[in-house]
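If you read the protein sequences in the order shown, they are chains A and B.
First residue of the first sequence? That's 1 in the working numbering, and the numbers climb one at a time after it.
First residue of the second sequence? That's 1001 in the working numbering, and the numbers climb one at a time after it.
Because the hints were derived from the structure by calculation, they are not lab data.
Even for Gly, the Cβ is constructed at its ideal location relative to N, Cα and C.
Watch out, some of these pointers could steer you wrong.
[Stated by the list, open to error] A partial selection of chain A residues facing chain B, derived with a Cβ cut-off under 7 Å:
{"no.": "1", "residue": "Trp35"}
{"no.": "2", "residue": "Pro62"}
{"no.": "3", "residue": "Val63"}
{"no.": "4", "residue": "Glu65"}
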Amino acid sequence: MIHSIIFAGFGGQGVMLMGQVLAQAGMNEDKYVTWFPSYGPEMRGGTANCTVVVSDEPVASPVVEMPTEVVAMNIPSLLKFEPKVKKDGFLFINTSVVDRKPQRKDIRIIELPANEIAENLGNVKIANMVMLGGFVQVTKCVSIDSVIEAMRYKLSGKNSDLLELNMKAIFEGAKHVGG
Amino acid sequence: MKKLMMKGVEAIGEGAIRAGCRNYFGYPITPQSELTEYMARRLPEVGGSFLQAESEIAAVNMIYGASSVGKRVMTSTSSPGFSLMQEGISYIACAQLPAVFVNVVRGGPGLGDIQPSQGDYFQATKGGGHGDYRLIVLSPSTVQEATDLTMLAFDMADRYRNPVLIFADGLLGQMMEPVSFEEKEVTYDNSAWALTGAKGRSPRQVTSFNIDPYGLEKMNMELQKKYRQIEANEIRYEEYRTEDADVLIVAHGTVGRIAKSVVKMAREEGIKAGLFRPITLYPFAYEALSNYGEKTKLVLTVEMSSGQMLEDVKLSLCNKTRIEFYGRMAGVVPTPEEVFAYLKSLIGRQ
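Using the sequences and the accompanying hints, generate a full structural model.
Listed below in structure tokens is the structure:
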């Protein structure tokens, strides 16, 4: 099974970190993973995005034209990447920011008010982890436990006090989509 | 073995440190500044020296100096910076000194842009600086391979007393993948040539100068003899699903792995495709590739350039098969889908 995912949003929404945590979680499960960021002028304004591949076999191309899943954290990301999702793939939409409906009928849409859920938990900055929790719950790309383990690794050291909040965000996101 | 998620450029830095590199001189430039940063952070931890030079020209001459006294030394840069280093590299090659260079290639020519490219292939493999010299050029396609080849680069540089170049691109440099590091004892012997003070022995000289043309020709002959050895011993390449292939893609570096996806797509549609991925760009695998002249009906070279490695592919195959090319320039990365569409158009498939 090969998951190829594009995480996209504004610079500052933490889309790069979402991708890194997922890739780390995949590695924890001994899967083959790559994480590749768009970098350069594109990061200022418009969308920032990264591509993650999680696979049971060695990853050939880290560059993906038609991802199996897209996470759109803002409107420009929806506009740019909705057309690219593979048929029958998943499109995750952060409805707290995206106030419009997708056009495609041949893909599966998951709507999640990530910012609102994050605000209710006390910090809007963890909207990315809310979304990641929902993403993993739906796609079963990796286990929630592996995501938590990856988060623990990422937040080891001086940021360890943020772990609990991030864990809550992941669980809350998963719960919202039926976990 | 424990795995770490690392960026390509960081993995190159860590590979260098584990290969015994304790000296780094460089000047930041996108898309490889994280490597300079990594060395700035890591080298003091292992008792090494990091120095941010005032320019790439200064950096390459610091490399020249450190290498002369027998230190394992590295610098890294990106295309315009690598151009600035060429004079020094030519000197280092002539003086027969080991040193490792990393060029994380970006779109050019000129100041260009900061996106991935392979447009420096000619510069890397056909000279770059002045005079009759060669660099050993290694082109990794995964983060793990970037680490492994960096460690190998230091051994090769010492074995042949020759500069070795890691030819990466912005895509590999910025990408993260799991990496594991082989625990390896670092051994190398430079006692026969390093400038360590002439106490108890006769003086030595490290130089790239000889005013007598017969003397300089003799130095050149030594270099050429060394290059023939390198060509005999060090050619490396990967073949993927080539056993029965009648369509062969030739691609190196990150394009090599993009092409691997194309091969998989083609196989799913019953096209007998295979991949030939040169790992050493110099020495190039002319002979191994030439075997495909009679076995294939089409060889498609794919590069992030206007067709530079293509010239070596043509030299290998001597028109014994149909040779085609697909390239993107200036920092545009080809997707597997577009390469596959082009491949299909060449063989008349929908």
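Going through the hints against the structure:
Evaluation of the tryptophan 35/A hint against chain B yields a held restraint, the C-beta minimum of about 4 Å falling below 7 Å. For proline 62/A, the interface hint holds, since its Cβ comes within 7 Å of a Cβ in chain B; the closest pair sits about 6 Å apart. The beta carbon of valine 63/A is positioned within 7 Å of a beta carbon in chain B (closest approach about 5 Å), and the interface hint is therefore held. At about 4 Å, the closest approach between the beta carbon of glutamate 65/A and any beta carbon in chain B falls short of 7 Å, and the interface hint on this residue holds.
Violated hints are absent here; each numbered hint is respected by the structure.
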